[in-house]
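Using the sequences provided together with the hints, build the complete structure.
Residue numbers (our numbering), protein chains in the order written: chain Y, 1 to 108; chain S, 1 to 207.
Derived from the structure by calculation, the hints contain no laboratory data. Built from N, CA and C at the ideal position, the CB exists for glycine as well. Hints are all accurate, no fakes.
One-sided excerpt, in silico: chain Y residues whose CB lies under 10 Å from chain S:
| id | residue |
| --- | --- |
| 1 | V37 |
| 2 | A89 |
| 3 | Y93 |
Here are the computed distance ranges between Cβ atoms for each label pair:
| id | chain 1 | residue 1 | chain 2 | residue 2 | range |
| --- | --- | --- | --- | --- | --- |
| 4 | S | E64 | Y | T99 | 23 to 31 Å |
| 5 | S | G23 | Y | D21 | 25 to 33 Å |
| 6 | S | T173 | Y | D21 | 17 to 25 Å |
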Amino acid sequence: MSDATIEAESAEAHDHPSDLDYVKVFVALLVLTGIEVATFFIDLPTPMLIGSLAILMSVKIYLIAAWFMHLRIDNRLFSRLFITGISFAVVVYLIMLSTFLLWDQFDF
Amino acid sequence: MADTATIEAPPAKAGHHQPGATGMSNQKLAMWVFLASECLLFGGLISTYLLYRDTSLDGPTAGEIFDIPFTSVSSFVLLMSSLTMVLALSSITRGDHPRARLWLLTTALLGAIFIGGQVYEFTTFYREGLGYTTSPFSSAFFTLTGFHGVHVSVGIVMLMSLYISSVRGKLRTENAETVEIVGLYWHFVDLVWVLIFTIIYLTARGI
Chain Y
1 MSDATIEAES AEAHDHPSDL DYVKVFVALL VLTGIEVATF FIDLPTPMLI GSLAILMSVK
61 IYLIAAWFMH LRIDNRLFSR LFITGISFAV VVYLIMLSTF LLWDQFDF
Chain S
1 MADTATIEAP PAKAGHHQPG ATGMSNQKLA MWVFLASECL LFGGLISTYL LYRDTSLDGP
61 TAGEIFDIPF TSVSSFVLLM SSLTMVLALS SITRGDHPRA RLWLLTTALL GAIFIGGQVY
121 EFTTFYREGL GYTTSPFSSA FFTLTGFHGV HVSVGIVMLM SLYISSVRGK LRTENAETVE
181 IVGLYWHFVD LVWVLIFTII YLTARGI
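Given below as structure tokens:
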């Protein structure tokens with residue numbers, strides 16, 4: 001086994017989260033969900049509501065993917081695969097949604 | 001010509017499947033490719049919902065019918081199941097099989113509670129006049145959340161298979177990666193619910 005492999009594996013072992021780390025991430029997810037629900041009941045203007053919910057949702061998704069799905073410490077190829085899937089879905093469906101929204105604007 | 005040492009796959013680590021030519025587990029790679037493709041499936045269903053959510057016809061609208069406190073509890077249950085799933089993996093990696101079995105069973109139970117909540121929610125909506133064919137909004141809503149529910153149910157079947165394998169002594173520490181792969185699927189289902197809860201439920205106020 002090469003020195004680089006041993007180094008990488010020991011770094012992975014060192015970085016591997018403990019049960020307490022997982023509980024901390026869960027508590028963070030709970031707090032963020034609580035803030036999301038509170039945001040729903042506070043009378044915020046729609047753009048501010050959508051903006052704050054989008055930020056909170058993104059942080060929650062990052063926490064689940066990075067910590068629970070181990071993307072933070074796992075092979076970078078898995079992260080790239082997943083990000084490619086998400087990016088592809090976002091781009092394809094944004095184009096689709098804009099097409100539907102713009103459809104009525106033009107007289108084809 | 002490449003050196004023989006660079007062609008040989010590295011040896012498998014304890015608790016991991018035999019790595020393929022890429023140097024990583026083929027099973028895990030396959031699960032990540034599958035999850036990447038699932039992003040497109042759920043992306044399509046969420047986009048369809050967004051297109052049709054204002055088309056309630058004479059049925060109840062999203063803003064009138066959604067019960068946010070109830071759905072918040074469902075979200076809590078699913079988030080809790082992600083924690084128990086990762087604790088099951090942690091236990092089996094340490095070789096603590098009784099605890100791993102307990103966490104696997106707890107995860108499946110929490111998943112079943114979530115599904116029970118979804119069945120209750122669907123039944124309530126139906127009684128309030130929102131059937132599958134009531135409006136384009138209702139069809140898009142039931143299809144999206146129904147597909148998610150099917151994914152949770154498949155996850156429960158996988159978790160129970162792992163539990164039964166463990167009880168029979170077939171799930172050893174060397175098979176920890178099998179638990180990790182099922183865990184990836186389970187966390188992805190949780191991640192999709194985070195999206196659904198925010199995009200479908202929490203933005204329904206103004207509709």
